[in-house]
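Listed here are the chains, written in short residue letters.
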Amino acid sequence: MDSAIKGAKQVGNITQKLGPFVGLLALIVVVSIFNSSFLEPLNLLNLLRQVAINALIAYGMTFVILTGGIDLSVGSVLALSSALMAGMMVSGLDPILAIIIGCLLGAVMGAVNGLLITKGKMAPFIATLATMTMFRGLTLVYTDGNPITGLGDSYAFQLFGRGYFLGIPVPAITMFLAFAVLWVILHKTPFGRKTYAIGGNEKAALISGINVSRVKVMVYSLAGLLSALAGAILVSRLDSAQPTAGEAYELDAIAAVVLGGTSLSGGRGLIIGTLIGALIIGTLNNGLNLLGVSSFFQMVVKGVVIIIAVLIDRKKAA
Amino acid sequence: MRKLRLLLMMSLVLIFLSACSLQPPEWAKPSSGDGEGDVKVGLSVSTLNNPFFVSMKEGVEQEAEAQGMEVVVVDAQNDAAKQVNDVEDLIQQGVDVLLINPTDSAAISTAVQSANSLGIPVVTLDRSAEKGEVATLVSSDNEKGGEIAGEYIVEQVGEGAKVAELEGVPGASATRERGAGFHNIADEKLDVVAKQTANFDRTEGLTTMENMLQGNPEIEAVFAHNDEMALGAYQAIQSSGRDILVVGFDGNDDAMSSIRDGNLSATVAQQPIEIGKLAVQAGDDVLQGKEVEDTIPVPLKLVTEENVDE
Amino acid sequence: MQISMENIHKAFGTNQVLEGVDMEIKHGEVHALMGENGAGKSTLMKILTGLHQKDEGTVTIDGEEKTFANPKEAEQFGIAFIHQELNVWPDLTVLENLFINKEPVTKFGLIQTKKMKAIASEQFEKLAVSIPLHKEAGQCSVGEQQMIEIAKALMTDAKVIIMDEPSAALTDREIEKLFDVIRSLKASGVSIVYISHRMEEIFTICDRITVMRDGQTVDTTPIPETSFDDVVRKMVGRELTDRFPERTPDPGEAVLEVKGLGRKGVFQDVNFNARAGEIVGVAGLMGAGRTEIMRTLFGLDGKYDGEIFVNGQKVDVKNPSQAVKLGLGFITEDRKGEGLVLDFPIKDNIALPSLRSFTKNSLIQEKEEQEFVEMLIKRLTVKTESSSTEAKNLSGGNQQKVVIAKWIGIGPKVLILDEPTRGVDVGAKREIYQLMNELTDRGVAIIMVSSELPEVLGMSDRVLVVHEGTIAGELHRDEADQEKIMTLATGGQVNG
Chain H
1 MDSAIKGAKQ
11 VGNITQKLGP
21 FVGLLALIVV
31 VSIFNSSFLE
41 PLNLLNLLRQ
51 VAINALIAYG
61 MTFVILTGGI
71 DLSVGSVLAL
81 SSALMAGMMV
91 SGLDPILAII
101 IGCLLGAVMG
111 AVNGLLITKG
121 KMAPFIATLA
131 TMTMFRGLTL
141 VYTDGNPITG
151 LGDSYAFQLF
161 GRGYFLGIPV
171 PAITMFLAFA
181 VLWVILHKTP
191 FGRKTYAIGG
201 NEKAALISGI
211 NVSRVKVMVY
221 SLAGLLSALA
231 GAILVSRLDS
241 AQPTAGEAYE
251 LDAIAAVVLG
261 GTSLSGGRGL
271 IIGTLIGALI
281 IGTLNNGLNL
291 LGVSSFFQMV
301 VKGVVIIIAV
311 LIDRKKAA
Chain V
1 MRKLRLLLMM
11 SLVLIFLSAC
21 SLQPPEWAKP
31 SSGDGEGDVK
41 VGLSVSTLNN
51 PFFVSMKEGV
61 EQEAEAQGME
71 VVVVDAQNDA
81 AKQVNDVEDL
91 IQQGVDVLLI
101 NPTDSAAIST
111 AVQSANSLGI
121 PVVTLDRSAE
131 KGEVATLVSS
141 DNEKGGEIAG
151 EYIVEQVGEG
161 AKVAELEGVP
171 GASATRERGA
181 GFHNIADEKL
191 DVVAKQTANF
201 DRTEGLTTME
211 NMLQGNPEIE
221 AVFAHNDEMA
231 LGAYQAIQSS
241 GRDILVVGFD
251 GNDDAMSSIR
261 DGNLSATVAQ
271 QPIEIGKLAV
281 QAGDDVLQGK
291 EVEDTIPVPL
301 KLVTEENVDE
Chain A
1 MQISMENIHK
11 AFGTNQVLEG
21 VDMEIKHGEV
31 HALMGENGAG
41 KSTLMKILTG
51 LHQKDEGTVT
61 IDGEEKTFAN
71 PKEAEQFGIA
81 FIHQELNVWP
91 DLTVLENLFI
101 NKEPVTKFGL
111 IQTKKMKAIA
121 SEQFEKLAVS
131 IPLHKEAGQC
141 SVGEQQMIEI
151 AKALMTDAKV
161 IIMDEPSAAL
171 TDREIEKLFD
181 VIRSLKASGV
191 SIVYISHRME
201 EIFTICDRIT
211 VMRDGQTVDT
221 TPIPETSFDD
231 VVRKMVGREL
241 TDRFPERTPD
251 PGEAVLEVKG
261 LGRKGVFQDV
271 NFNARAGEIV
281 GVAGLMGAGR
291 TEIMRTLFGL
301 DGKYDGEIFV
311 NGQKVDVKNP
321 SQAVKLGLGF
331 ITEDRKGEGL
341 VLDFPIKDNI
351 ALPSLRSFTK
361 NSLIQEKEEQ
371 EFVEMLIKRL
381 TVKTESSSTE
391 AKNLSGGNQQ
401 KVVIAKWIGI
411 GPKVLILDEP
421 TRGVDVGAKR
431 EIYQLMNELT
441 DRGVAIIMVS
451 SELPEVLGMS
461 DRVLVVHEGT
471 IAGELHRDEA
481 DQEKIMTLAT
491 GGQVNG
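Chains as they are written, first to last, in the UniProt record's numbering: chain H, 1 to 318; chain V, 1 to 310; chain A, 1 to 496.
Errors might be hidden in some of the hints.
Said to hold, decoys possible - Short, incomplete list of chain H residues facing chain V, as computed with Cβ under 7 Å:
id : residue
1  : Ala130
2  : Asn146
3  : Pro147
4  : Thr149
5  : Leu166
Claimed, not checked - Here are some chain H residues the structure puts well away from chain A; computed CB gaps all over 10 Å:
id : residue
6  : Ile28
7  : Val29
8  : Glu40
9  : Leu93
10 : Leu105
11 : Tyr142
12 : Val184
13 : Thr189
14 : Phe191
15 : Ser208
16 : Gly209
17 : Gly267
18 : Leu291
19 : Phe297
20 : Ile312
Claimed, not checked - Below, a list of computed lysine to aspartate or glutamate pairs in the EDC-like style, where the Cα atoms sit at most 16 Å apart:
id : chain 1 : residue 1 : chain 2 : residue 2
21 : A       : Lys126    : A       : Glu96
22 : H       : Lys203    : A       : Asp157
23 : V       : Lys131    : H       : Asp153
Keep in mind that the hints were calculated from the coordinates and are not lab data.
Just so you know, even glycine gets a beta-carbon here, dropped at the ideal spot from N, CA and C.
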């Protein structure tokens, strides 16, 4: 009797972990039935490359959401840091160095969010809503509203967003490498454990002697860093920095996190889920384009898929 | 020993570099040359939230239907990154020719290059691409439009009349070309007494025009590089109580109804539907191996009170 | 109105709170209800007013058996309840608070503000209260908020009013006014149930007193026939049994010392120390400031006045992270809200404060962590199938053991326990007491805040009694008894 319940519970746990993956598979099957060219190798490679940017942002968002927060500023951080990177490249700095500095600047922007939330005691939604507007404004000021072009033709820089390594798109490799590193951080280090603890019960975490403020600032910095890294890929891919880049990217990132089964109230979730969530969104975008669905209707479908995913998740939790 | 290590390092770097490429791997390239069946046209539009581009899309669809081609439309929603993905997806669908209306001419370059690498011809609409091989650019003949405006003003107020010019964003291609066309006529037959920029903006058109009227009360006509500035200028003129001829450019809805009410005198209307149609024809020509010009100008149409309802 | 409750039983889960309570409220009397914390006073009143449903027993009102499904029903019947926890909406005005959910409306459904103001002013006049009606309730002092609650209850034209610790937040002058109101209500035939810990008030205003203990009625007597001592004896009057393991304390040096500790408006000039191997009990009534002192000591409330010494060295405890580094552990009274991450497995909960000790190259050494956790689970005899069971699936006693385990894990110098056995069954209680003995044997200083007097007496080597934010007295194990503690806790004096 007891073991039966336990068994059922374990099955429940497994389906909870596999849920997003099953969803992704189902989606792939449906799309490829309607359009067989979806499964062609080049399309799958394209898909991975298209997903990389959202996945990187969503990784950072996963950490933020695990602490029970939210970061609306990721798209603007992406735009500002990529504009700064492009600016440095135009002024003659080595592109790879420019990317590294740009990513660090992204982390600083994230730290600003973290400090507003911890020291300023602001709600994450409000703080990042404000910085979202602020960073976007700074991007427009810096670029004067124009794209930054003429980034030179460094091979390494071109590879970063457009190239292939052993036949795999470099952004996809970046996405998988970042996943591996972040998986270790989240599941194998005290920092990851503390991230979960803060989201699970912030008071208990505080009383257990965790420096909650410091962990939060680090989490938001990480989100900023990853947004900037995504921005670097975008700059290479577009061979320019666009002042309007990354608009509404926070929504796709949050959607990926939620589709991956992470709870918006914090404390529960897996980064592998986020990767799968990002792949689901990418497959939807790519698949609906391949099926020739109009862009207006695509938005409807995306919304419906998110609602269904969350409803299924609720059912399981109940 | 140290030399050996160096050699090892160098060969590793070499192997690493040889594993890198800007081209998709051979095994992944789609098997092209199915050749049979209908011609498939891929259209990537910058946005469908603007009537101008919607009309352009409709032009493409009408002409493609007439020619018996299939059209696939994707909408970038003004997001340069999404447009690059969109173009990749179009390529994936095996389109024979790509019609791209770029959100940004720099950002679209990489997408054009990947189409180039697979041998798919690209036609751009309204805006061009900075890099990559574009078969042709189909866009309004802005210079000709400037001339049409100039000739209309001469016709209405006579040779040698004193006129003002409201310029667009400095350096923008539309500003340069429209201005050049206008001056082709005006430098010989008119007296341009005032020339200032109002950045394509209605409010700036209003204030700039007020200043001009203050300094040059004898102005008889105004040419604005777009309708927004023309509408602003008209408001300044109206409140000054003067009767001055105002000619705009673009042919947007506000301008049309203003002409209908007898306020704006005329506008040089762009013809987005024509742009779409000519782009499809150009694409078809390229597929059939015919020579096409680097740019295909689309004629503009002068709209006045007489023909505004056509 | 005449109410009589007979043989009332009530259990929450396995926790039997009321075991056959009898109480009778007569028309137009002020009836005191007294008992230790947890004796079941509030539960009894909540059953009367329909907030809880009784398991057994009868409630008769004016000769008719009656059960209310919810507080609204009771209120409409003429029974109002002024709760101990204030229910004001801080962002609404005083006027809006008074009429919440009872707003008079015109036939078009619009609120009649004028009418509301008239009624409210009249009521405030009766109470001699002068709070502006347009003031936001959140801006009012706690005493003012209390008066709002009282006015609200009076406006319902109640026949019976239950007041749960109404004077806790009031000044002496406000209390006088409250008493005036009570007297005039009584004169007009309203009955009052007056729950309070303040002996003087009860002897001033009440007619009869019912004392409860451990979920049962001890008895009901007219006030003139009883005395302070008599009531205290009835409240606590059970013999200490062998519920507590033998203690053989051998205190060493003072590990923790507090001098002049204070927080404005909460507690002031608190001085005490805790020695290695000693259990210091902290007693006092609810709201006296015991928990607040401990939270400040642990760095949870930020800045404080006074000085804290650990091992003779002055330290600055600005946040819990510093407190933990200094070797302090804090088991709070709110186990689920502050002690555990309920969604976490037992393992992660126990390891949380001591992650650093098994982290190498910034990676958690999972094998070491597992061994560490298993060792603690075994030592504390936490009953669970595995260390990966989520904390929320454990019973209260086992949850508490997990919380204790996580603090034992850091090897603490001082362990602060706030209500360590609340909601824990008898068997687990004894295990927790034994654990405390074990810890003190190894030189840990324990500070135990408890509202259960037997526990304080049974386990403490010294008892500090807190009254209104100060330490009213310190009793040695040999001299401490329940009466002395209760006297100190209610503001009295203990001689010699």
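Tested hints:
Nearest Cβ of chain V to the Cβ of H:Ala130: about 23 Å, over the 7 Å cut. The hint is violated. Interface restraint check for H:Asn146: the shortest CB-CB distance to chain V comes to about 9 Å, outside 7 Å, so the restraint is violated. With a cut of 7 Å, the hint placing H:Pro147 at the interface with chain V holds, because the nearest CB-to-CB distance is about 5 Å. Checking H:Thr149 against chain V: minimum C-beta separation of about 4 Å stays under 7 Å; hint holds.
Among the interface hints, the one on H:Leu166 holds; its C-beta lies about 5 Å from the nearest C-beta in chain V, closer than the 7 Å criterion. The Cβ of H:Ile28 lies farther than 10 Å from every Cβ of chain A, with a closest approach of about 32 Å, so its non-interface assignment holds. With a least CB separation of 33 Å from chain A, H:Val29 remains clear of the 10 Å interface cut-off, as annotated. Every CB of chain A is more than 10 Å from the CB of H:Glu40 (nearest about 41 Å), matching its label as outside the interface.
The Cβ of H:Leu93 sits about 31 Å from the closest Cβ of chain A, beyond the 10 Å cut-off, so the non-interface label holds. For H:Leu105, the condition that its CB be more than 10 Å from all CB atoms of chain A holds, with the nearest at approximately 24 Å. A cut-off of 10 Å between C-beta atoms confirms that H:Tyr142 is not in contact with chain A; the least separation is 36 Å. Listed as a non-interface residue, H:Val184 fails to keep its Cβ farther than 10 Å from every Cβ of chain A; the least gap is roughly 7 Å.
Distance to chain A contradicts H:Thr189 as a non-interface residue, since its nearest Cβ pair spans about 5 Å, not more than 10 Å. Taking the minimum C-beta to C-beta distance to chain A, about 8 Å, the non-interface status of H:Phe191 is violated against the 10 Å cut. Here H:Ser208 does not stay apart from chain A, with its beta-carbon only about 4 Å from theirs, under the 10 Å limit. The non-interface label for H:Gly209 is inconsistent with chain A: the shortest C-beta to C-beta separation is roughly 3 Å, within 10 Å.
The claim that H:Gly267 is not at the interface with chain A is violated, since a C-beta of that chain comes within 10 Å of its own (minimum 5 Å). At roughly 40 Å, the least C-beta separation between H:Leu291 and chain A is larger than 10 Å, which holds for a residue marked as non-interface. Annotated as non-interface, H:Phe297 keeps its C-beta farther than 10 Å from every C-beta of chain A; the closest such distance is 39 Å. Non-interface status of H:Ile312 relative to chain A is upheld: no Cβ of that chain comes within 10 Å, the nearest being about 20 Å off.
At most 16 Å may separate the alpha-carbon atoms for a hinted pair to count; A:Lys126 and A:Glu96 exceed this at roughly 19 Å. With a C-alpha separation of about 43 Å, the suggested pairing of H:Lys203 with A:Asp157 is violated against the 16 Å cut-off. Proposed proximity of V:Lys131 and H:Asp153 is supported: the alpha carbons are some 12 Å apart, at most 16 Å.
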